[in-house]
Each structure stands twice: as structure tokens, then as C-alpha cells.
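K.L.:
Just need the whole structure built from these sequences, with the hints factored in.
As a plain string of letters, each chain reads:
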Amino acid sequence: MSRGSRILSAILLLAWMACAPKDEWFGVTEPPRDDTLIVNNGTEPETLDPALMNGNIEGNLAFSLFEGLTRFDPKTLDPLPGVATNWHVSADGRTWTFHLRSDAVWSDGSPITSLDFAWSWLRLLAPTTAARYASFLYLVENAEAFSMGTMTNATRVGIRCPDSQTLVVTLVRPAPYFPFMTAFYVTMPVHRKSVERHGQDWTNPENLVSNGPFVLKTWQMHRKIELIKNERYHGRNEVHLKRVIFLPIEDTGTVLNLYRRGDIDMLNDVPLELFSWLKTRRDYSGHPGWGVYYYKFNINRKPFDDRRVRLALSLAINRSRLTDEFLAQGQIPATAFTPPIPDRYFPPGKAIYDPQAARKLLADAGYPEGRGFPAVRLLYNTIATDLHRHVAEVLQAMWKQELGITIQLEVQEWKTYLKSVENREFDLARAGWVGDFPDPGTFLDLFLQADGNNNTGWTDPEYTRHVEAALFDKNPATRMQSFHKAELILLDEMPVIPVFYYAFTMLKKPWVDGVFGNFQDIHPLRSVRIRKAGS
Amino acid sequence: MKKRILLRLGSTFLVLACIITASFFLIRLAPGGPFDAERAISPEIRAQLMRQYGLDQPLHVQYLHYIENLLHFDLGMSMKYPGKSVSGILSEGLPWSAGLGAFALLTALFFGISMAWLGVQMPGRNLDRWLTRISLVCLSLPGIIIAPLSVLIFSLWLGLLPAGLLEGPEHLVLPVFALAIPLAARIFLLMRDSIQTQTASTWFKAALGRGITSSTIFLRHVLRHAMAPVAAFLAPASAALLTGSIVIETVFILPGIGRHFIQAALNRDLTLITGTVIVYSAILLFFNLLADLLLMLLDPAKTDLEADP
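Chains as they are written, first to last, in my numbering: chain A, 167 to 701; chain D, -18 to 290.
Only true hints are included.
Derived lysine to any residue pairs resembling SDA-like cross-links, with alpha carbons at most 25 Å apart: (1) A/K581 - D/R32; (2) A/K383 - D/G149; (3) A/K408 - D/E148; (4) A/K581 - D/L71; (5) A/K390 - D/E151; (6) A/K581 - D/Q43; (7) A/K581 - D/G13; (8) A/K585 - D/G13; (9) A/K383 - A/Q366; (10) A/K581 - D/A28; (11) A/K390 - D/E148; (12) A/K581 - D/Q38; (13) A/K390 - D/F84; (14) A/K390 - D/G64; (15) A/K390 - D/F135; (16) A/K390 - D/P76.
It is worth saying that the hints were derived from the structure and are not from the lab.
P.N.:
Encoded structure:
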């Protein structure tokens, strides 16, 4: 939807709000009469095939339709028993054994065995599947070679089934977070017979056989997806919802209208323009996300080939002013690239605000008070919420004020921007990274190679040594120390400027129980309950 | 006349062929591709995806292949929604878009023509003046304003109608009116002028003089002649409905095909955008053709005169 229309929607809503009584809750508070939950999922999912999924929009459906070896705790996202009742790891930290429950069945009544997982994982890796997230399982022995097509013998991939209730997975290196990965949507099992019988149509409502707390009833593109309770699910006694409807609404104004009228029970991503008003309502909750908003330098271009210039730009940013005064949506100033993981990892706080040091570094680099600083451009992409423009303008003003340098802003449409970044046709570019599982490795391995998702052109042998040491270390304490050392190098070299850590926002009606904010914005619906009218 | 119709048909197909060719190549010239994402995929997987969709072939081979499939009514597989065919996606959404457009057109015609008739019955009076003023305001209001405004008034303030989604006939009322209002205003103004011209003519006065009742003259003669500008307006009206439906479908969350027109291009879903362009162009060309044919029927002499100067 166009920006003009969004602004108009916002103005109209504000006009409505001006006349609205100051409720504690936003809009309708009369609970529904049945056990149906209606959520807005943000847009139309690309697919319902877990192996082909690559984002949370699809993931939200997968978490309801399918269940992996483990599943996420709705509050902490810690792995809980899913299809596997228990699991253990070998002394070297590389071999994981999962014991599957005997009462787990597919929605057609057939039993789920370890062979289903082995087949599904090999399907994810198979080159013919062309799964965008196949690399998720490269941690498994020989999986990468198999996926690349350089090794065709599937039996050499580190997945074994000693019996129908046991799955043994051998990894290339220790990964204490592996049970998190087995709860993630790409590792969910798919029903082999359905896939083989129906081909690409296996996810159609009439064909889809799944194993999660819900089954697919209807899928009307760009209208709604309707799930109903899976009466064959092993944990059916804990499933309270009878029906879940996922709506694909993109326009935030429309979503709010429907939410206000009680047509939607919960939504993520509270619109920016109404944020300060909505956050005073009881419907609102916000929580820190496990992602970083950052700017990347092209270190092959002047003046960003000079580390002092990169550091100066970072030190000149007053991050807390940006997050508290200009954005004020719960974002947290980023003092490092990796967000902190409570009880596990606290990154070094080196990305701080020190304008004096910034000016000195810039002068040392040959640009005293910004004199002679070349014309450089900051590239960002268009986005419905205008967040990127907003951040870019604030930072542009801060650099002008603190360092006396003028940075031009350049906006590109999403795919054009992606191409420019991939081809390194930028000086400084906006970026974002969200971790898949709570381990610093999912952030810090970005800079192990100059290509892929790095795009800055920066690599460092010492940095690589520390990250690889951490990745292959099974001792949690020394592992985190190695990550810490690597991150210190990263912040000292500053090929990227961490700006803030994302915050997730949510509006939820008073009758929705069992949905919690968490660092990945994943909301399993298995135990969600509707407090009905009269109850 | 037959020859003229055949020529007109031929030129329509030629235009459609040009549009297909242009859209096929233009979208491929745009930077970025369907498989680009913030989290870059590995070169091997990208190569596999390119192979799957035939994008590893030279452009002219892709084009010939596309045309060959098109002749079998196969628009290819969507690159954004794996496993979904473009024709499947479009045929799922087209009935909603077409229904919305048809309802809006009928509503606009009904209100536009009846208001014009009412206005002309009382020329120079307050009613006509006010209808003209209101029409001018409605004409300058795009759907992008009418849609949220109607939601605010009828849905949020008065609570009479749903704010969106498609769960019953009442959900179509606001979208249809939001789409029809500017169109009704235009039809009203066109008809009003046209009827005034007809009723001011000597044949009308002569007919009245012969004692024929004004409603008979109106229905049998005036309306037919006055319809010519409205028929000519059918083509731009269908264009307005199609483009208008993009906004309306977004605001009211209707599962039509309007969204693909923008989203598929932004996603670089090469097959879906080309398919959408073909469907939209075919609809537009059809209405242009229909308008021309209607004009020929309503006023054959005039059309012949214009065609053979």
C-alpha cells in the first residue's frame, strides 16, 4: 500500500482516537463465544512445505501444523520434548541420540518413525529440493557435500535410524544448541507418502498430512488459512483452541481497524506512527528481539578502507538518543554486533557514544572537522513503515553535527537494494540480521568469509581463528570466551556499525491466554486458550 | 462493418502480443531477481532454482518457451509461491476482482444514470446544482481516500459495516461503493450533459409536440443517444476499475488479483507479474473493443464517418 494511503489511515485513526474514550484496552473487550483464535500473520505465506520455508510468516504456520523432534517453550523458547521424548549427546558433543515417542502419529493415523525424520532431512538437503534454508543442517556430517551435489551417497550423511524410535545424528562439530535447531521449522518432518503421491500439491488442504497440534482445513490465498485441532496429536489434551485463522493482512491501518472491532485477536508489528499511543494500552507488549540493525561499510572504497573513519562514524552515534527519543519503540542501543543472550553470552560493550574520540579519529585519518571528507552515500531500502529512512536521517544529522561530514542518502526498492549490496555497489548500507538459535555463532560466523552475507569485504585471520575455535569447542565457558575475543576484534575493526537491537511488539486481546513475548517472536499456539464470554 | 470488426480484432491481438513481449523482457531487465533475499542463498541452490524455472537458458529461448506454453494457456509456475501455478493463483483471485469490478460498474451506472435523469428533470434547480457539486467532489476523490474514510465513518464510528475481510455479502458493500463513487460521478456528469444536449434538440421538441409522453421519449430515444459518451467511457472506466481495485483490495483485504500487479513486480516473481499483466491487458483490450463495438451499434453512421474520412 502506498505511503500516502498509510499516512491517511493513520490520520483517520488518530482522529478516531482523539474522540475515543481512554480505555485501558484498545477497542472491543467483549470476549468471543467460541474457541477460535484469529491472528494476523502479516502477509501471504510462500509455502506450507517446511523444507521450503525461509521466514517467520511461514514458520508461524509450521509451528501449528507440524512438530519436530523438539518444540519451543512458548515463554523461553527452550527446547521441550516434541516427537522425541528425550535426547542425549555423546562425550565429544558431536553425536546426538533422540528417542521418539511411541504415540506420535500423522494426521492420517500412520505412526511417525525416525525414518520419517531421516527422509525429511535428506529431502531438505537434496539438491533437487533447492531448499533455501538447506544450509541450516550443514552442521550434520557430510550434509553440505550432499547438498552441493559433490557427494551423492545419502547413507554417508550423518543421520542414522538404528530402529524406528531412535534417530542418531552426527555433527561436524559440537553444537550445544542443536535441540533448538530440531524445533525449528525446516527440520520438521514431512509425510513421505503424501509428498511422493501429490508432488508439489502435497500442501493443498485436501492432501496435507501433518503431525502438529493443528491440521489444515482451508487455504485461500490472500484471504485466510484455517486450521482446526488435530484430534490425533499426542498432546491433544493440552490443545484448547478448536480453530485458528491466519490472516495475511499487510496494511497496518486495516489490521488495527479489525483488531479494534474484535475481528482479530492478536497481531505483531504495531504500526510506528501510532506506537506512542498504543503502547499505553493494556493490549500492548514489547520484548527485546534477537536481531541487530546495523550499517555495513564497503571497506574496499575510500574513505571506509580506513579503520579510523569507520570507528569515528560509530562513535559519533548517540544510540540511546536514537532509540529512546526518535524511535521509542523499545529498541535497545546496540553496543556490539551480537545481542546479549541472558545467562549465556554478554558481548563486549564497545560500540559507544564518544564524540570527542570520534572527532580525533577522523582528524587523524586526514579529515579534521570533516574537511575534505569525500562524498559518500548511505544506501537503504524502501519499507512500508519508513523505519529505514527515519534511522538514516537521524544518523545523517548526528554525523553532520558531531563530525561535520555530509552523507548523502540513497534509497532503492528492495530487490534493487539487495542486488546493489550483493555486488558491493555501495559505500555504506543498511542491514539487519536475526539469529536462528541462541548462540553467538549465528551472528559471528557472518564474517568468516568475504562473500555470502558479509558484503563488507572485511575478513581477519585472527577473528576467524577465534570464531572457529569457539565453533569447535564443546566447553561452554571457553566457547563463549572465544566468541568474546572475536567480537572484540570485530568492534575494533568496525566493518559494520551496530545501531540497535530489534524489539518485537504485539497487541493481544484480554481473552487470549498463553501467548508470550520472546526473543524470536515465535508464538506456539499449542497451549493457547481463549477466555470465552461468560466463562 | 464485418471487415472493420475483424480489423479491430486483429489489432487487439497485435497489441496484446506486443504487451506480452514487452512485459516479458522489461521485468527481466529490472535489477535483482526472484531468489534474492536478505539472507543470501548459496550459489549452488540459486543455480538449482534457476534451472528449475528455466532461467539458466538464454533469454530468447526462455521467451520462445514462454510463448509456447502460453499458447497452451500455461502461464508457468510462480517463483514466489513454490508449487503454485500462475494460472491457479490468478484464477483463484480473478472472480473476486471481476465481481468487485462488475458490481462497482453496475452500481456506478445505476446511480450515475438515475441521478442524471433526476437532475435533468429539474434543470437549474437546487437538486441539479447540488448533484453536480457533489459529483465534482466525488470525482476528485480517489479510492485511496474514499476507502479509509468510509471505513472510519461506517465501520468504526457507526459500526454498521465490516472494516474488511470477506465473510459475507455485507463485506462487499463498502469496497463496491468506494470503487463506484468516482465512477458514478463521472457517469452522472457525462449523462447529464448528453441528456441536456438531446432534450434541447429540435427532434425532442417535435416529439413532445406530437404528444408523445416525455418518459417514453426519454426511455426510447434520449437514453439511447445519450448513452454514446457513456459507452465510449467504458474503456477508461474499466481501466479505472482495474487500477482502483488494487487499492480497494488492499484496504479491504479482498483476495483479488490487484495486489499481484504491485507485489509480484516488487518480488520479481517473473511469471506471476507477466501473467498478471497479460490478464489485465486482455481485460482492458476487451473493454476497449467492447466500447468500440457498442459505439458502432449505437451510432453506426458516426463511426463509419470517423473510420473513413
